[in-house]
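Engineer: Put together the whole structure using the sequences plus the hints.
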Amino acid sequence: QQQVKQSPQSLIVQKGGISIINCAYENTAFDYFPWYQQFPGKGPALLIAIRPDVSEKKEGRFTISFNKSAKQFSLHIMDSQPGDSATYFCAASINAYGGSQGNLIFGKGTKLSVKP
Amino acid sequence: DAMVIQNPRYQVTQFGKPVTLSCSQTLNHNVMYWYQQKSSQAPKLLFHYYDKDFNNEADTPDNFQSRRPNTSFCFLDIRSPGLGDAAMYLCATASPFANSYEQYFGPGTRLTVT
Chain R
1 QQQVKQSPQS
11 LIVQKGGISI
21 INCAYENTAF
31 DYFPWYQQFP
41 GKGPALLIAI
51 RPDVSEKKEG
61 RFTISFNKSA
71 KQFSLHIMDS
81 QPGDSATYFC
91 AASINAYGGS
101 QGNLIFGKGT
111 KLSVKP
Chain U
1001 DAMVIQNPRY
1011 QVTQFGKPVT
1021 LSCSQTLNHN
1031 VMYWYQQKSS
1041 QAPKLLFHYY
1051 DKDFNNEADT
1061 PDNFQSRRPN
1071 TSFCFLDIRS
1081 PGLGDAAMYL
1091 CATASPFANS
1101 YEQYFGPGTR
1111 LTVT
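Line by line, the protein sequences are chains R and U. With the first letter of the first sequence counted as 1, position 10 gets the number 10 in this note's numbering; the numbers rise by one all the way through. Throughout, this note's numbering is defined as the position within the second sequence, counted from one, plus 1000.
Note that these hints are calculated values from the structure, not bench results.
Selected chain U positions facing chain R (in silico; Cβ < 10 Å):
no. : residue
1   : R1009
2   : S1040
3   : Q1041
4   : A1042
5   : K1044
6   : C1091
7   : P1096
8   : G1106
Taking lysine-lysine pairs in the DSSO-like style, the calculated list, with each CA pair at most 27 Å apart, reads:
no. : chain 1 : residue 1 : chain 2 : residue 2
9   : R       : K42       : U       : K1017
10  : U       : K1038     : R       : K108
11  : R       : K68       : R       : K108
12  : R       : K111      : U       : K1044
13  : R       : K15       : R       : K108
14  : R       : K58       : R       : K42
15  : U       : K1044     : R       : K108
16  : R       : K15       : R       : K57
17  : R       : K68       : U       : K1044
18  : R       : K5        : U       : K1044
19  : R       : K71       : U       : K1044
20  : R       : K58       : R       : K15
21  : R       : K42       : U       : K1038
22  : R       : K5        : U       : K1038
23  : R       : K15       : R       : K111
If you anchor each label on the Cβ, the simulated ranges turn out as follows:
no. : chain 1 : residue 1 : chain 2 : residue 2 : range
24  : U       : F1015     : R       : E56       : 46 to 56 Å
25  : R       : V54       : U       : T1114     : 44 to 54 Å
26  : U       : L1027     : R       : Q81       : 23 to 33 Å
Heads up, the beta-carbon is just placed ideally off N, CA and C, and yes, glycines get one too.
Structural biologist: Take a look at the structure:
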């Protein structure tokens, strides 16, 4: 019940296209859903995050769509660029104060390659 | 700039020879985490500190220990590294008094065991 399932494992997109990565969870106590971007040899960096009280959050070219009833959330990268080529991790945690101190449950990651 | 710093960035140690990795932060965050990340895998939480309170994950081997002498610094000690401990070790921080437990990761230390 603590798992977060992420798909696809790898994704190849043409420059200018839309990249879509999906995640699903079981634990309805999760209340914070971040996406991390990681370049080779670097630590993960927070890209965008959402709470279950909204269905969508957009920051620039990056959008999270959240479906509470289906227990699914997805990352959409519009106008994908070669510089977006990285590994993307979805995660979930119980973020309320005192709730397991924000321990992140990560998906297995998606390696995105954007071809010029 | 406020940040999470890890030293060294690359560490080579011999099989069985103790090694210490260090993490420092200028964010003044209460919570510090240590993760292990192997190639093409997600980060795996080893343990975390909430202030001085230590929280060990159930499946973290006894070979891994940690110290947090003050708010700014946290150390990961590997008492007898095995070949299977070769990985990237990531430190992260968070503050429960912010709007969320957003975790800020350091650049990592790449550990090689020979």
